[in-house]
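Same order as they appear, the protein sequences are chains C and G.
With the working numbering applied, the first sequence covers 1 to 312.
With the working numbering applied, the second sequence covers 1 to 293.
Please note that the accuracy of each hint is not assured.
[Claimed, not checked] Computed beta-carbon distance windows for the label pairs:
1) C:Ser46 <-> G:Asp255: 20 to 28 Å
2) C:Gly255 <-> G:Ser105: 16 to 24 Å
3) C:Gly255 <-> G:Ser46: 41 to 49 Å
4) C:Arg5 <-> G:Ser195: 17 to 25 Å
Read the hints as simulated data drawn from the structure, not as lab findings.
Please read these numbers as outputs of a predicted model, since none were measured by experiment.
Here a beta-carbon is modelled for each residue, glycine too, at the ideal position from N, C-alpha and C.
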Amino acid sequence: MDTSRERDQSIERLLRQSLKTPRQGGVTDSCLDAETVAAWTDGGLSGAALEMAQSHVADCARCQSLVGAMARTDAAVPLPETERATRRWLGWLVPLAAAAAAVALWVAVPREATPPLPQAAEVQKPAANATVQEPALLDKQLEAPLDKKEEQAPKAAARRERPTAAPELRKDNGQLEADSLQQRQAASAPAAAPPAAPAAKAPASAEASAGLARSANAFAQICAPGWSAVPTDIAAQLTAGAAPSTAVCWLVGRGGVVIVSIDEGRNWRRLAFPETTDLSAVQATDARTASVSTADGRTFSTSDGGVTWNRP
Amino acid sequence: MPIDAKLVERLYREAHGERWRVSLSLFTAALESSAEQAHAGRRLESRELERYLGALHLEDLALACACAAGDEDAWEHFVLQQRPLLYRAADALDPGGSARDLADSLYAELFGLRDREGERQSLFRYFHGRSSLTTWLRAVLSQRYVDRLRTHRRLDALPDEESSAALRAPSRPIEPDRYRDLELMRRSLERAVASLPARDRLRLACYYAQELTLAETGRVLGEHEATSSRQLARTRRTIRENVERQLRIERGLSDAEVAQCFASVSEDAGPLDLRQMLDVDAGRKESAPDRSS
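Throw the hints in and build the complete structure from the sequences for me.
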């Protein structure tokens with residue numbers, strides 16, 4: 001028992017044995033109520049209130065159990081569409097954002113030192129703020145003919161400037177956020193080294209296909225583990241999903257895309273949506289009832305499986 | 001805590017209060033109650049108050065107001081929207097289904113069947129919009145579940161001597177020296193843990209006591225799971241150094257004796273499970289599975 005590593009392992013063993021033994025203790029006045037725990041979960045506690053809650057839970061077996069129970073149910077329940085507060089519990093996205101920013105810098109800085117690139121390749125290279133570019137737009141760019149990509153660039157810049165361009169951080173979209181980041185990084189990678197125009201097309205398409213497959217799998221996981229992937233021709237447009245039961249899943253996306261499956265993902269049906277606006281969230285209670293949020297903050301609901309929609 | 005009428009009207013519009021026929025006065029009272037509850041009656045400056053109110057889950061607050069007031073449409077919407085989510089949370093708490101009973105029983109309280117001085121009191125009066133309605137319901141359910149579990153633990157009879165849960169003697173007797181070493185280690189550990197910052201203690205509790213995954217622990221602490229992993233490793237080092245210091249300086253043990261104390265923990269785990277045998281939850285996690293996700 002000479003190495004620090006072995007001693008650390010001994011400490012871990014002791015911690016497991018000592019801390020997992022249930023401690024009894026009644027509810028005290030300082031114990032957290034459900035409202036405070038809920039506010040903490042949704043990022044509604046900050047400053048002194050958050051510190052006070054953490055300090056209490058650190059020493060209160062009952063409240064530890066409560067926080068533990070909340071954490072266990074966290075993955076089971078998707079966040080509601082009305083979620084607006086930034087979730088403190090999703091602070092883990094901060095490192096992702098930092099990584100994305102680092103990638104953007106890494107891409108942007110060498111460009112200043114390199115000579116002008118061939119026109120087609122230049123279009124593929126993201127701008128310094130390309131990390132906020134929407135993945136679907138990237139996919140479209142990658143798939144579009146090279147001579148049209150320059151035309152799309154100003155539109156992309158305009159979309160980046162929209163307040164709604166920053167996606168709401170949602171737990172049930174966490175995997176999608178990660179996938180989106182991967183797509184952005186993948187799309188950025190070929191631009192780091194100046195490729196010849198004809199050669200740039202092939203890797204870009206490959207990356208796009210990989211991105212589509214990733215998106216499809218990610219959305220399939222939102223619906224239920226083991227579901228077959230959603231159709232890849234539509235996956236890149238999707239932005240959010242909701243699975244009210246093990247057999248039913250709703251997915252929404254850009255351009256008014258709403259698809260639903262009622263047979264565990266074996267078949268998907270595209271529903272007619274009243275507008276071609278971008279959709280950002282969906283909440284469903286069954287195969288017939290769902291409410292869909294648009295990127296500009298409106299909510300449409302249906303109670304007849306998408307035959308009719310209630311407008312705001 | 002009076003709120004500017006124009007601000008109330010704006011928040012009312014954002015909350016779509018008219019959808020559920022919530023009166024402006026009822027909504028105003030809900031906002032005031034929320035602000036007072038969150039700030040323990042402390043009077044807020046107007047800007048601070050506006051910021052607080054603006055961050056509330058207003059639509060959910062309006063829906064809760066309407067449900068508490070007995071609006072049938074609101075209640076139907078609430079049940080349709082929340083029941084599947086509540087059941088999913090209940091199943092996550094107890095896949096055996098016992099938590100579903102708790103979920104069902106919540107509806108009676110939410111509807112407000114219990115009369116108190118002639119008035120219908122709904123559980124919704126404790127919802128102040130500081131979280132989404134879904135999260136609040138999940139917290140209420142979790143609270144009921146945990147309290148019931150703890151009550152049952154207290155009331156559970158001692159296990160039958162013949163049952164498998166009855167206390168068993170260790171497979172082999174603990175040597176006196178080893179027992180002393182273990183006690184030294186445990187006492188030193190308790191002191192070392194007690195000296196940690198609250199946030200580190202909370203992380204330890206989440207991971208070791210509640211047996212959350214690193215990802216779940218990270219969400220509670222508001223950090224990435226990789227950070228949780230690093231911080232746990234750092235905390236273990238801190239504890240180990242503290243324990244070593246206590247054994248050397250306060251207990252006056254030699255390096256060899258300190259090493260023997262640590263060895264008493266790392267050797268055969270059989271006799272070490274004495275406390276686990278007293279643990280009614282023993283068996284929930286005999287080994288330490290990979291909980292990295």
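Comparing the hints with the structure gives:
1. Roughly 47 Å separates the CB atoms of C:Ser46 and G:Asp255, a value that falls outside the hinted 20 to 28 Å.
2. Range check, C:Gly255 to G:Ser105: Cβ separation about 44 Å, and the 16 to 24 Å hint is violated.
3. At roughly 42 Å, the beta-carbon separation of C:Gly255 and G:Ser46 lies within the given 41 to 49 Å, and the hint holds.
4. Here the CB-CB span from C:Arg5 to G:Ser195 is close to 23 Å, well matched to the stated 17 to 25 Å.
In terms of the numbered hints stated before, the structure departs from hints 1, 2, listed from lowest to highest.
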